[in-house]
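K.L.:
Just so you know, the protein sequences line up as chains A and B, in that order.
All the letters of the first sequence, read from the start, carry residue numbers 1 to 199 under our numbering.
All the letters of the second sequence, read from the start, carry residue numbers 1 to 131 under our numbering.
Simulated restraints on C-beta separations:
no.: 1; chain 1: B; residue 1: D117; chain 2: A; residue 2: V38; range: 22 to 30 Å
no.: 2; chain 1: B; residue 1: G25; chain 2: A; residue 2: G78; range: 34 to 42 Å
no.: 3; chain 1: A; residue 1: R130; chain 2: B; residue 2: R27; range: 28 to 36 Å
no.: 4; chain 1: B; residue 1: D126; chain 2: A; residue 2: E150; range: 27 to 35 Å
In case anyone wonders, no lab produced these hints; they're calculated from the structure.
Using N, Cα and C, we set each Cβ at its ideal position, and we do this for glycine too.
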Amino acid sequence: MGYVNSDQEDDAPLAVKILIAGGFGVGKTTMVGAVSEVAPLRTEEYLTHASVGVDDLEDLSGKSTTTVALDFGRISIGSGLVLYLFGTPGQERFWFMWNDLVNGALGAVVVVDTRRLEVSFASIDFFEGRGIPFVVGVNCFHGVRDRTPEEIRAALDLDPQVPLLLFDARERRQGRDVLLALIDQLMAARPHSTPHPVP
Amino acid sequence: MKHWTDGFAEDDADEPLVRPYTITGGRTTSERGDLTLITVMSAVPEAAVEQGPGRRKLQPEHRTILTLCARPQAVAEIASALDLPVSVAKILIGDLIDSGQLWARQPAYAWAGTGPDMAILKAVRDGLREL
Numbered sequence: 001m002g003y004v005n006s007d008q009e010d011d012a013p014l015a016v017k018i019l020i021a022g023g024f025g026v027g028k029t030t031m032v033g034a035v036s037e038v039a040p041l042r043t044e045e046y047l048t049h050a051s052v053g054v055d056d057l058e059d060l061s062g063k064s065t066t067t068v069a070l071d072f073g074r075i076s077i078g079s080g081l082v083l084y085l086f087g088t089p090g091q092e093r094f095w096f097m098w099n100d101l102v103n104g105a106l107g108a109v110v111v112v113d114t115r116r117l118e119v120s121f122a123s124i125d126f127f128e129g130r131g132i133p134f135v136v137g138v139n140c141f142h143g144v145r146d147r148t149p150e151e152i153r154a155a156l157d158l159d160p161q162v163p164l165l166l167f168d169a170r171e172r173r174q175g176r177d178v179l180l181a182l183i184d185q186l187m188a189a190r191p192h193s194t195p196h197p198v199p
Numbered sequence: 001m002k003h004w005t006d007g008f009a010e011d012d013a014d015e016p017l018v019r020p021y022t023i024t025g026g027r028t029t030s031e032r033g034d035l036t037l038i039t040v041m042s043a044v045p046e047a048a049v050e051q052g053p054g055r056r057k058l059q060p061e062h063r064t065i066l067t068l069c070a071r072p073q074a075v076a077e078i079a080s081a082l083d084l085p086v087s088v089a090k091i092l093i094g095d096l097i098d099s100g101q102l103w104a105r106q107p108a109y110a111w112a113g114t115g116p117d118m119a120i121l122k123a124v125r126d127g128l129r130e131l
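I would like the entire structure built from these sequences, with the hints used as guidance.
P.N.:
Below, the structure written as structure tokens:
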């Protein structure tokens with residue numbers, strides 16, 4: 001980028017992001033808040049989308065605007081790197097079109113609630129369809145582990161290589177472990193990575 | 001700002017869009033396509049900013065951004081602090097880049113398809129392990 005100054009560049013951290021997705025009320029913001037070094041911040045965006053089923057010829061633009069809001073947090077990695085965690089907005093059909101949110105993510109965590117697995121189906125479909133690496137975090141915050149990981153995996157129709165972890169979204173270390181599972185998955189999937197011995 | 005649980009999109013579509021775009025002088029899109037949610041902005045020290053007739057008259061929001069960016073901040077953080085939509089914040093940030101008052105650092109992995117660097121993944125992994 002032409003306006004990046006190399007002297008100044010050293011002062012600003014390099015940023016990466018991970019998306020925290022899943023349906024309404026599964027614990028996305030809870031997870032962001034538990035692992036973030038700051039209380040979750042909220043931001044919003046206007047998304048313009050083509051109206052569906054509009055046959056009014058006077059509506060030349062054929063577009064309408066929707067506001068979506070999301071919560072996000074940050075984790076400073078040393079002084080030179082910052083990991084941002086973006087909890088995706090609840091209205092999936094809109095954020096799926098928010099390219100700036102999706103583009104450039106290292107990957108995603110899809111949070112699921114065993115009592116309402118279906119609310120996270122759309123997120124799983126989306127990341128599978130876009131080829132974005134993801135892991136599934138089963139939020140057991142209500143203390144009920146009434147299904148085995150195998151049963152959940154089958155119900156979600158997950159590919160075998162997608163990691164699935166049970167965790168409590170309120171617990172910093174457990175949320176951290178879900179993020180680490182994603183990073184391990186990304187490192188393992190690097191096509192030119194050199195194999196290294198397992199310690 | 002409304003939380004997304006407060007209502008669904010059909011209700012939001014009629015929200016007035018006037019006020020935020022007044023701040024931008026009516027501009028609704030940034031001319032810069034290269035600002036992302038996690039592009040990190042930092043304020044250029046005042047002494048290093050070239051003074052000239054081309055400098056834009058600053059809105060209060062511009063000044064707030066410069067104050068915030070004394071510590072480097074991502075675009076999303078700036079928008080959140082200003083309580084403005086990201087697209088509006090990007091227009092204001094773009095003004096300050098154009099006037100030489102802000103520097104931008106693009107994210108490590110800005111565009112889909114380039115893939116994250118192994119060194120960055122390792123750094124993230126090591127950092128998370130220390131949490």
